[in-house]
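*Asks:* Turn these sequences into a full structure, and let the hints guide you.
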Amino acid sequence: MGSAHVTASAVGRVGKRPEGLLDLLTEVGLRALEGVGRRPIDLLVVGTMVGGSLAGVESVTAATAERLGLDPARGYRIEAASATGAAAFHVASSEVMSGRSKRALVVAGEKMTGLPTEEVTRVLARSLHPTEQAVGATMPALAAIVAQRYMTRHEVDPAAFDAVTVLARQAARGNPNAQFPTPVSREEVSQSRWIAPPLKLLHCSAISDGAAAVVVEEGSGEATVLGLGQGFDAFALMDRNELTSFRATRLAAQRAYEMAGITRKEVQFAELHDAFAPFALVDLEDIGMCGAGEAGKWFLEGATSPEGRFPVNPSGGLLGRGHPVGATGLIGIAEVARQLTGEAGPLALPKLPNVGVAQSIGGLASHNFVTILGRGTGERA
Amino acid sequence: MSAPPVLVVSRCVSCHGRFLPRKGNCPRCGSAEVEPHEVLARGEVLAATELALAPPGWPSPHRIAFVEAPEGVRLFAVVPGALPAVGAVVSLSRDGDHYVVLPVPEPRR
Numbered sequence: 329m330g331s332a333h334v335t336a337s338a339v340g341r342v343g344k345r346p347e348g349l350l351d352l353l354t355e356v357g358l359r360a361l362e363g364v365g366r367r368p369i370d371l372l373v374v375g376t377m378v379g380g381s382l383a384g385v386e387s388v389t390a391a392t393a394e395r396l397g398l399d400p401a402r403g404y405r406i407e408a409a410s411a412t413g414a415a416a417f418h419v420a421s422s423e424v425m426s427g428r429s430k431r432a433l434v435v436a437g438e439k440m441t442g443l444p445t446e447e448v449t450r451v452l453a454r455s456l457h458p459t460e461q462a463v464g465a466t467m468p469a470l471a472a473i474v475a476q477r478y479m480t481r482h483e484v485d486p487a488a489f490d491a492v493t494v495l496a497r498q499a500a501r502g503n504p505n506a507q508f509p510t511p512v513s514r515e516e517v518s519q520s521r522w523i524a525p526p527l528k529l530l531h532c533s534a535i536s537d538g539a540a541a542v543v544v545e546e547g548s549g550e551a552t553v554l555g556l557g558q559g560f561d562a563f564a565l566m567d568r569n570e571l572t573s574f575r576a577t578r579l580a581a582q583r584a585y586e587m588a589g590i591t592r593k594e595v596q597f598a599e600l601h602d603a604f605a606p607f608a609l610v611d612l613e614d615i616g617m618c619g620a621g622e623a624g625k626w627f628l629e630g631a632t633s634p635e636g637r638f639p640v641n642p643s644g645g646l647l648g649r650g651h652p653v654g655a656t657g658l659i660g661i662a663e664v665a666r667q668l669t670g671e672a673g674p675l676a677l678p679k680l681p682n683v684g685v686a687q688s689i690g691g692l693a694s695h696n697f698v699t700i701l702g703r704g705t706g707e708r709a
Numbered sequence: 308m309s310a311p312p313v314l315v316v317s318r319c320v321s322c323h324g325r326f327l328p329r330k331g332n333c334p335r336c337g338s339a340e341v342e343p344h345e346v347l348a349r350g351e352v353l354a355a356t357e358l359a360l361a362p363p364g365w366p367s368p369h370r371i372a373f374v375e376a377p378e379g380v381r382l383f384a385v386v387p388g389a390l391p392a393v394g395a396v397v398s399l400s401r402d403g404d405h406y407v408v409l410p411v412p413e414p415r416r
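Each protein sequence line maps, in turn, to chains A and B.
Take the position in the first sequence, starting the count at 1, then add 328; the result is the number in the working numbering.
Take the position in the second sequence, starting the count at 1, then add 307; the result is the number in the working numbering.
Rather than coming from a laboratory, the hints here were simulated on the basis of the structure.
Keep in mind the model is a prediction, meaning the values are calculated, not measured.
Don't take each hint at face value.
[As the list claims (entries may be wrong)] Facing chain A, a subset of chain B residues (Cβ under 7 Å, in silico):
hint, residue
1, Ala-359
2, Pro-362
3, Pro-363
4, Arg-381
5, Leu-382
[As the list claims (entries may be wrong)] Covered stretches of chain B, going by a simulated chain A footprint (3 or more residues, C-beta under 8 Å):
hint, region
6, 343-357
7, 369-375
8, 402-410
Glycine residues also receive a C-beta, built at the ideal position from the N, C-alpha and C atoms.
*Replies:* And the structure:
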């Protein structure tokens, strides 16, 4: 199997943007292509979760190729709910590793603010199981159920959820693309309004527009794809054995570590899918960094801050950056790559890391992805 | 005395798993052979929450509970009344395409 490397990346500003979906995709796509001197690509992979329903864009792959002035040999649109961006990256990396593609462009984006919040929530809820939709469940409602089970099982201090948001917003302060670059205190988080107990407004990621693009190619590069892993869980929460840990992440992590030939101990930081603050705790445990129920302590004690023993979401995570659903997974991967190549600017960790993980949740954790990147060409001492 | 109310669920002929009826195969083993099965229409509340802003078509606030019925059947149900505590035992009934939680008329024991 050949190697695959991230040789260029671009992340657009996340937030309420006046542009349409194709504009957002084009902006980052062009920037990523310029990053490799506009050398030709033979594969275009486009990711959008709800581009048809929310942005009214269909045939997005052909439209994007046209807008970017590309004539790729192959192109696909990939969808994996809120893990769409990660899935698109996995498809491109797999093609490059197999030797089928020499240089691929991955572009993922979402345009969500063009419709009223109620309509956006309704469209996103369609990615839940029919029996869950039938009781009027929404993403925040099910996330609240997960959080409550987690609290009941592990007797976690609810302040740990607040700490996740505080850390995210602190990190986002240095991120020029972040939707929420202003810090908040634990009190502000805990006193924000209820969304669905135990979730408060500031525990929930926002509705956002945004896009990212990454060039993946064979040969060599400053950031190398070491591991790609995906896992599934029962689509419906009622069919799962447990709610306080996501099987789909655990399987994805296991498979990614195995492919990379490393253990969790070699990973130095992570971009985790904190669509809701309690998910950051579950995620950290699921990628194997700590035991079940222990992650709250890590967040409360600062172990996950940029100076801590295992930095989490140095780019601000979904809570700080914003959550353009189809783009999020690819933004996380791009941010991990930038840390490894020393291009993270004000977001750079105190010490240049060698290995980082990006974890992405699809839907309510029904199909999740873990991506491991390493600094350099992949030859580790 | 009339028979206690029951829920009609599905039982997998192959793995004997019990689950809420739905389109498609057994969620545990993938078998297509499932048969109707009755369990008592009550269960323990595993978690419950209240959406401050109800989704379209529901009154605000909208409450839902995650309930474990007998034989390990888990389901989501709408809560028309006050939010039940975790661990509370509740009665369940079917209302069209979904289930509804009813408070137990008298305290247990």
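*Asks:* Hint by hint, note whether the structure agrees.
*Replies:* Hint check:
1. Ala-359: With a minimum Cβ separation of about 5 Å from chain A (threshold 7 Å), the hint on Ala-359(B) holds.
2. Pro-362: Because about 5 Å separates Pro-362(B) from the closest Cβ in chain A, which is inside the 7 Å limit, the hint holds.
3. Pro-363: Since chain A brings a Cβ to about 6 Å from Pro-363(B), closer than 7 Å, the hint holds.
4. Arg-381: 4 Å, holds
5. Leu-382: 5 Å, holds
6. 343-357: Contact hint for the region 343-357 of chain B vs chain A: holds, 5 residues under 8 Å.
7. 369-375: holds (count 3)
8. 402-410: The restraint on the region 402-410 of chain B holds, since 3 of its residues have a Cβ under 8 Å from chain A and three suffice.
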